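Enquirer: Residues per chain are reported as follows:
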Amino acid sequence: MEPLLTRHVREPNCFTLEFYLRHDGYEGLKKALAQTPEQVIDLVKASGLRGRGGAGFPTGMKWQFVDKKSPNPRYIACNADESEPGTFKDHLLMERNPHLLIEGCAIGCYAIGAKVAYIYIRGEFFHVQHVLERAIDEAYAAGLLGKNVLGSGFDCDVYVHRGAGAYEAGEETALLESLEGKRAQPRNKPTFPAVVGLYNCPTAVNNVETLANVPLILRHGAEWFAALGPEKNGGPKLYCVSGHVKRPGVYEASMKTTLRQLIEGDAGGVADGRTLKAVIPGGSSVPMLLPDQLDTEASFDAVQKAGSLLGSAGLIVLDDTTCMVWLAENLLHFYRHESCGKCTPCREGTDWLHKILRKIERGDGQMRDLDLLASISGNIAGKTLCAFGDAAVTPVLTTLKHFRHEYEAHIRDGRCTLPAEWRARQPVGAH
Amino acid sequence: MSFHPEMAYDATFHKSARTLAEPGEPFVYTAEHRARFDEIVTRYPADRKRSAVLPALYLVQHQQGYVTANAMRYVAGLLEMTPADVEDVVSYYTMFYTKPVGRFVLSVCRTLSCALNGAERVTEEICGALGIRPGETDASGTFTLIEVECLGACDRAPVVMVNDGWQERQRPEDVGRLLDDLRTRGEAALTGCVHVIEGGATS
Numbered sequence: 183m184e185p186l187l188t189r190h191v192r193e194p195n196c197f198t199l200e201f202y203l204r205h206d207g208y209e210g211l212k213k214a215l216a217q218t219p220e221q222v223i224d225l226v227k228a229s230g231l232r233g234r235g236g237a238g239f240p241t242g243m244k245w246q247f248v249d250k251k252s253p254n255p256r257y258i259a260c261n262a263d264e265s266e267p268g269t270f271k272d273h274l275l276m277e278r279n280p281h282l283l284i285e286g287c288a289i290g291c292y293a294i295g296a297k298v299a300y301i302y303i304r305g306e307f308f309h310v311q312h313v314l315e316r317a318i319d320e321a322y323a324a325g326l327l328g329k330n331v332l333g334s335g336f337d338c339d340v341y342v343h344r345g346a347g348a349y350e351a352g353e354e355t356a357l358l359e360s361l362e363g364k365r366a367q368p369r370n371k372p373t374f375p376a377v378v379g380l381y382n383c384p385t386a387v388n389n390v391e392t393l394a395n396v397p398l399i400l401r402h403g404a405e406w407f408a409a410l411g412p413e414k415n416g417g418p419k420l421y422c423v424s425g426h427v428k429r430p431g432v433y434e435a436s437m438k439t440t441l442r443q444l445i446e447g448d449a450g451g452v453a454d455g456r457t458l459k460a461v462i463p464g465g466s467s468v469p470m471l472l473p474d475q476l477d478t479e480a481s482f483d484a485v486q487k488a489g490s491l492l493g494s495a496g497l498i499v500l501d502d503t504t505c506m507v508w509l510a511e512n513l514l515h516f517y518r519h520e521s522c523g524k525c526t527p528c529r530e531g532t533d534w535l536h537k538i539l540r541k542i543e544r545g546d547g548q549m550r551d552l553d554l555l556a557s558i559s560g561n562i563a564g565k566t567l568c569a570f571g572d573a574a575v576t577p578v579l580t581t582l583k584h585f586r587h588e589y590e591a592h593i594r595d596g597r598c599t600l601p602a603e604w605r606a607r608q609p610v611g612a613h
Numbered sequence: 018m019s020f021h022p023e024m025a026y027d028a029t030f031h032k033s034a035r036t037l038a039e040p041g042e043p044f045v046y047t048a049e050h051r052a053r054f055d056e057i058v059t060r061y062p063a064d065r066k067r068s069a070v071l072p073a074l075y076l077v078q079h080q081q082g083y084v085t086a087n088a089m090r091y092v093a094g095l096l097e098m099t100p101a102d103v104e105d106v107v108s109y110y111t112m113f114y115t116k117p118v119g120r121f122v123l124s125v126c127r128t129l130s131c132a133l134n135g136a137e138r139v140t141e142e143i144c145g146a147l148g149i150r151p152g153e154t155d156a157s158g159t160f161t162l163i164e165v166e167c168l169g170a171c172d173r174a175p176v177v178m179v180n181d182g183w184q185e186r187q188r189p190e191d192v193g194r195l196l197d198d199l200r201t202r203g204e205a206a207l208t209g210c211v212h213v214i215e216g217g218a219t220s
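First to last, the protein sequences are chains P and B.
FYI, in the working numbering the residues of the first sequence are 183 to 613.
FYI, in the working numbering the residues of the second sequence are 18 to 220.
Everything labelled a hint here was simulated from the structure, so no lab data went into it.
Just so you know, these numbers come straight off a predicted model, no measurement behind them.
It cannot be assumed that every hint is accurate.
[Claimed, not checked] Below, computed lysine-lysine pairings styled on DSSO-like, alpha-carbon distance capped at 27 Å:
| # | chain 1 | residue 1 | chain 2 | residue 2 |
| --- | --- | --- | --- | --- |
| 1 | B | Lys116 | P | Lys329 |
| 2 | P | Lys250 | P | Lys227 |
| 3 | P | Lys541 | P | Lys583 |
| 4 | P | Lys250 | B | Lys66 |
| 5 | P | Lys297 | B | Lys116 |
| 6 | P | Lys438 | P | Lys371 |
| 7 | P | Lys329 | P | Lys487 |
| 8 | P | Lys414 | B | Lys116 |
| 9 | B | Lys116 | P | Lys524 |
| 10 | P | Lys371 | B | Lys116 |
| 11 | P | Lys537 | P | Lys524 |
| 12 | P | Lys364 | B | Lys66 |
| 13 | P | Lys438 | P | Lys428 |
| 14 | B | Lys66 | P | Lys297 |
| 15 | P | Lys428 | P | Lys414 |
| 16 | P | Lys364 | P | Lys227 |
| 17 | P | Lys250 | P | Lys212 |
[What the hints assert, rightly or not] Partial list, derived from the structure: chain B residues whose beta carbon lies under 10 Å from chain P:
| # | residue |
| --- | --- |
| 18 | Pro62 |
| 19 | Lys66 |
| 20 | Tyr75 |
| 21 | Tyr83 |
| 22 | Asn87 |
| 23 | Tyr91 |
| 24 | Val107 |
| 25 | Thr111 |
| 26 | Thr115 |
| 27 | Gly119 |
| 28 | Arg127 |
| 29 | Leu129 |
| 30 | Glu166 |
| 31 | Ala174 |
| 32 | Asp181 |
| 33 | Trp183 |
Just so you know, even glycine gets a beta-carbon here, dropped at the ideal spot from N, CA and C.
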């Protein structure tokens, strides 16, 4: 498939309005404004576009759920808090194709009857904020944003809101809390943001890549979009490949592609002389797949059928030098640090898991610790307000399931069983 | 720095022109920061000023290097919040500093993809070169080292954020050169963001 979202990202001045307009820019917005908002939602529904942030929820349905009867204003909150380890696609889109996102925001606002969209970017993306704000200024100056967009009578403002370093802000209700000037902690659900969202008003929270697909649907039609991928997995998809591969990067493909094509084809496979040990297909929060599952189609449904999740499409590739106990310890350090602290099972549990993993990794573990890890995980998963708890236990459960022998070897031998020269990668002070 | 060869970034944009505040020093925005604050507040509904607390705190940090209690009180007054509400926010988000930091804050990503590519070795090299541990500032007040979680540039691992700028594919053996370059050239020494897209070529 020819790249669509990233077709021009390597060309000079690809981020300017002038360039974007020369390549069908804002044609989707014009087509949207010529229809009723309901028709736009129906079109997005017909395209089968699914949210690219992780859950894969149909975008058209999300927009349809936005409460139209409420007397309050409505909002779009664009989730650009891309923080899932192994994910860096939105970063590229916003930096090189900012107008595509802005056009998507404007169409989204029109569809749900909102006048304001906030793009919540993570605090570390300072340079992206700069690019986005310049693009927004260009769009205002050209009458593509602001009052009476393109003479249609539709008003639309888009603002960038910069977060300040909190993984949890990527959870949709925590993002809204953060936008309201509070700690990024999740809200109880239901009620969902479509009814009670930002400032208690109906809100659609959409990922960057999701909104960036919307102008394509308007330009080329719903059938065209759906036909790009397998059934119910239409449209182009950005895959982030990182870890032990020769050419890590963002690769755009149809979801008809396979994990093998992405890892061994696009990203060049693991280094010469190494073998693939496992792959985490959708950001650090999803279960691992093993080398014999590489021919799995890289679609939401096929990866789920294989026992994992496509999530944010962040493929982390692991070769045979990877110690799985070390990996679980590394990721639990992340989850322990990023747990927002609202729910006790997650706040306390991630700390316990990390302590036990560190102990095993140092060679001080006992066999009963393995049951303890499983027991603590069982007391976190499903017992928290948001999906963070389930995500945090996944690295533990998935490594225990597939690589229990490595844990046992650590405990039995009192040390990591991989060759010493590979330990250059171990955390400071761990050995 | 160049994020994109064709992108005309404002060279002064990433320069931290701040001077560190003394603890207890009173705080008010400079005229320039006050003007930016007034513009930012208009982005949110008039009765929801509190939404501007993160940008308001960034302005504070840009002005004086870290967020003092007096600055929190000042921001609280502007946004009609209590100082406790502001402190609640400051203490939650990792990118606000409540203690003085060095001229360059080196934030080394330690999460999986960077770790697989030697991030711990980068941290060790920095520790060795500066004689500090993560969380500390060197004796000259030039560098503060912190370990951070995933920065979202896993294809260019290991990544080090330096203030608001980026240094990518940082090899452990080149840490000394990076530190020297920062001392002499400031943030201009950084690689910035370099994306790898289809085909694997670097731009």
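Enquirer: All the hints need checking, so say for each whether the structure fits it.
Expert: We went through each hint and held it up to the structure:
no.	hint	in the structure
1	Lys116/B - Lys329/P	violated, 44 Å
2	Lys250/P - Lys227/P	holds, 17 Å
3	Lys541/P - Lys583/P	holds, 19 Å
4	Lys250/P - Lys66/B	holds, 26 Å
5	Lys297/P - Lys116/B	violated, 40 Å
6	Lys438/P - Lys371/P	violated, 34 Å
7	Lys329/P - Lys487/P	violated, 47 Å
8	Lys414/P - Lys116/B	violated, 51 Å
9	Lys116/B - Lys524/P	holds, 25 Å
10	Lys371/P - Lys116/B	violated, 37 Å
11	Lys537/P - Lys524/P	holds, 20 Å
12	Lys364/P - Lys66/B	holds, 12 Å
13	Lys438/P - Lys428/P	holds, 23 Å
14	Lys66/B - Lys297/P	holds, 18 Å
15	Lys428/P - Lys414/P	violated, 32 Å
16	Lys364/P - Lys227/P	violated, 33 Å
17	Lys250/P - Lys212/P	holds, 23 Å
18	Pro62	holds, 6 Å
19	Lys66	holds, 8 Å
20	Tyr75	holds, 7 Å
21	Tyr83	violated, 13 Å
22	Asn87	violated, 20 Å
23	Tyr91	violated, 16 Å
24	Val107	holds, 9 Å
25	Thr111	holds, 4 Å
26	Thr115	violated, 13 Å
27	Gly119	violated, 18 Å
28	Arg127	holds, 7 Å
29	Leu129	holds, 5 Å
30	Glu166	holds, 5 Å
31	Ala174	holds, 7 Å
32	Asp181	holds, 4 Å
33	Trp183	holds, 7 Å
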